[in-house]
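Trainee: Single-letter residue listing:
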Amino acid sequence: MSSAFTKSTARNIFYGGAVFFFLLFVAMTFDTMNTLPKRDNRANLTESVARGKHIWETRNCIGCHTLLGEGAYFAPELGNVYKRRGPEFIKAWIKSQPTGAPGRRQMPQFHLTDAELDDMVNFLKYTSEINTAKWPPNIEG
Amino acid sequence: MQYKSQAVAKPYFIAAIGLFLGQIVFGLIMGLQYVVGDFLFPAIPFNVARMVHTNLLIVWLLFGFMGSAYYLIPEETERELHSPKLALALFWIFLVAGALTIVGYLAVPYATLAKLTGNDLLETMGREFLEQPLPTKVGIVIVALGFLYNLSMTVLRGRKTSISLVLMVGLWGLAIFFLFSFYNPTNLVKDKYYWWWVVHLWVEGVWELILGSLLAFVLVKVTGVDREVIEKWLYVIIAMSLISGLLGTGHHYFWIGAPEYWQWWGSVFSALEPIPFFMMTVFAFNMVNRRRREHPNKAAVLWALGTGVMAFLGAGVWGFLHTLAPVNYYTHGTQITAAHGHMAFYGAYAMVVLTMISYVMPLLRGRAANSRAAQLAEMAAFWMMTISMVLITLFLTAAGILQVWLQRVASTPMSFMAAQDQVSMFYWMREFTGLVFLAGLLLYIASFFIKGKDAAAA
Numbered sequence: 000m001s002s003a004f005t006k007s008t009a010r011n012i013f014y015g016g017a018v019f020f021f022l023l024f025v026a027m028t029f030d031t032m033n034t035l036p037k038r039d040n041r042a043n044l045t046e047s048v049a050r051g052k053h054i055w056e057t058r059n060c061i062g063c064h065t066l067l068g069e070g071a072y073f074a075p076e077l078g079n080v081y082k083r084r085g086p087e088f089i090k091a092w093i094k095s096q097p098t099g100a101p102g103r104r105q106m107p108q109f110h111l112t113d114a115e116l117d118d119m120v121n122f123l124k125y126t127s128e129i130n131t132a133k134w135p136p137n138i139e140g
Numbered sequence: 000m001q002y003k004s005q006a007v008a009k010p011y012f013i014a015a016i017g018l019f020l021g022q023i024v025f026g027l028i029m030g031l032q033y034v035v036g037d038f039l040f041p042a043i044p045f046n047v048a049r050m051v052h053t054n055l056l057i058v059w060l061l062f063g064f065m066g067s068a069y070y071l072i073p074e075e076t077e078r079e080l081h082s083p084k085l086a087l088a089l090f091w092i093f094l095v096a097g098a099l100t101i102v103g104y105l106a107v108p109y110a111t112l113a114k115l116t117g118n119d120l121l122e123t124m125g126r127e128f129l130e131q132p133l134p135t136k137v138g139i140v141i142v143a144l145g146f147l148y149n150l151s152m153t154v155l156r157g158r159k160t161s162i163s164l165v166l167m168v169g170l171w172g173l174a175i176f177f178l179f180s181f182y183n184p185t186n187l188v189k190d191k192y193y194w195w196w197v198v199h200l201w202v203e204g205v206w207e208l209i210l211g212s213l214l215a216f217v218l219v220k221v222t223g224v225d226r227e228v229i230e231k232w233l234y235v236i237i238a239m240s241l242i243s244g245l246l247g248t249g250h251h252y253f254w255i256g257a258p259e260y261w262q263w264w265g266s267v268f269s270a271l272e273p274i275p276f277f278m279m280t281v282f283a284f285n286m287v288n289r290r291r292r293e294h295p296n297k298a299a300v301l302w303a304l305g306t307g308v309m310a311f312l313g314a315g316v317w318g319f320l321h322t323l324a325p326v327n328y329y330t331h332g333t334q335i336t337a338a339h340g341h342m343a344f345y346g347a348y349a350m351v352v353l354t355m356i357s358y359v360m361p362l363l364r365g366r367a368a369n370s371r372a373a374q375l376a377e378m379a380a381f382w383m384m385t386i387s388m389v390l391i392t393l394f395l396t397a398a399g400i401l402q403v404w405l406q407r408v409a410s411t412p413m414s415f416m417a418a419q420d421q422v423s424m425f426y427w428m429r430e431f432t433g434l435v436f437l438a439g440l441l442l443y444i445a446s447f448f449i450k451g452k453d454a455a456a457a
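As given, the protein sequences belong to chains P and R, one line each in that order. Numbering-wise, the first sequence is residues 0 to 140 according to numbering that gives the first Met the number 0. Numbering-wise, the second sequence is residues 0 to 457 according to numbering that gives the first Met the number 0.
Hints are computed from structural coordinates only; laboratory data are not their basis. Don't take each hint at face value.
[To be verified] Okay, the calculated bits of chain R under chain P, using three or more residues with CB under 8 Å as the criterion:
(1) 314-323
(2) 424-437
[Said to hold, decoys possible] In silico contact screen, one side only, chain P against chain R (beta carbon under 7 Å); selected entries:
(3) 13
(4) 36
(5) 42
(6) 45
(7) 65
(8) 88
(9) 92
(10) 128
No residue lacks a Cβ here, since even glycine has one placed at the ideal position from N, Cα and C.
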């Protein structure tokens, strides 16, 4: 680095760059928030979906599964599981856990009521209808 | 050790290493569950092991950052800490709260823990890395505020160096962005959007400032190169970190429902994200080559050089591998992400904390450097841990490529579980390599107990 490029120049690039790009990020966030109503399926955000999300969170499902590709990679992607399996399969699957098959990955039994299973399914249905730019690449997630 | 109050760093470092050991043990449990699915089930289900693994990672790094800051700030500001007592009190509060949280994860089902800790008052739990119960989250904020108050008061009244200012900006940023962990809207897209304001703006934003300043501090000390030169580098590196990293957040917005322009913005800016890490490597080697003295602590110099290289490989190269939107479309949420995450966290953050511990611990124990025998053991541990982490990353990458192929690209895509069975060999190899990592860590810990004639004074 030449002597013309001083420490205070470098410092100014840091503070200026950080502030500029943070403000740009905030501006893009505003634009994103304005665009979201067209993509995030909020019309279908019912009380039941909210309860389903609460169940999803308080059972720490993200600790094994991914949802829209984020989470743990131990168990299948569930962002599109509603489309892959349908509501009845999802409920039957949760009820029948754990499989107890020797050596196979196990899912805990959460003792959900029928109403809670419906909430769970509604949450997964809502999630599957978010516009995710055609991700995942196929139905297998 | 020039200032008495620097001694508060010691318990922080000891706790950090202890929690690091816990993190690795739970990592090995999870690694085994990948191939022996019912291992320890139902006592420790995978999701619980994973919470413990990732939360311990965050907590031990925070202990490491705090210990480092408590050591660094008095020396840089040339005055004692504002309140060493507060620093020690916060240490015990944080340690007990952290331990109780882990016990909570292990002792009761997560839903019960949520109920017991008031998650219904403000729902924040059950999101990746932010699984902590509400009282823990509040506790983290209180500890962080006390810590920042203590350091800020010290800096305000003392000499203000660039290294200490950058560190403070990084630490304040860490605390401020953590506040987004309290925001959890029902709208999943918004939830995920702002979740990244903690997760991404931490590890690819403000934490890089902490990383840069700690590395710069150690390099000033062990090379004797002029501070002006090192601080200029520091500013250029962190400027690049934030210029690329802030909009680089966009690479997480490709598939969560955010507008599709993020695919362009996220790709372009995250393609720039390796640059600061590359500069960090060049910086570290450059400074060591231009050194004006031979510091007796060879182990610390090795860790400092290793941090640059491994952060560049893990965060830079492995991040870039799957950051462009057309590639990420296939690799998102696969073992490739896991591969990147392991090497990036180890290279950037675990190693910089280990660099600080390596440099500082002997000083806290009243010597310039450890004995030759102790340093040899520590350097052997460095190589064991670092090489195993490279191999873990390579095995997970291989597993990920195969997974992408079988599950997403092949003409008849396999289901997730069928694809997992096909890649199990790589999971076994990862698990064995993980055992070598554990052995390396145990040797590292043992090196603290190796006596011998102290190396010459600095």
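Trainee: Next step is simple, just say for each hint if it's right about the structure.
Mentor: Hints versus structure:
For the segment 314-323 of chain R, the stated coverage by chain P is not satisfied: 0 residues place a CB nearer than 8 Å to a CB of that chain, which falls below the threshold of 3. Only residues whose beta carbon comes within less than 8 Å of a beta carbon in chain P count, and the segment 424-437 of chain R has 0; fewer than three means the coverage is violated. The interface hint given for residue 13 of chain P holds, since its Cβ lies 4 Å from the closest Cβ of chain R, which is under the 7 Å cut-off. For residue 36 of chain P, the suggested interface contact is broken, since its CB lies about 10 Å from the closest CB of chain R, more than 7 Å.
Interface hint at residue 42 of chain P: violated, since its Cβ lies 11 Å from the closest Cβ of chain R, which is beyond the 7 Å cut-off. Checking residue 45 of chain P against chain R: minimum C-beta separation of about 10 Å lies over 7 Å; hint violated. Restraint check, residue 65 of chain P versus chain R: the minimum CB separation of about 4 Å is within 7 Å; hint holds. The interface hint given for residue 88 of chain P is violated, since its Cβ lies 13 Å from the closest Cβ of chain R, which is over the 7 Å cut-off.
Of the supplied interface hints, the one on residue 92 of chain P is violated, with its beta-carbon coming no nearer than about 12 Å to a beta-carbon of chain R, more than 7 Å. Proximity of residue 128 of chain P to chain R is violated relative to the hint, the smallest CB-CB distance being about 10 Å (cut-off 7 Å).
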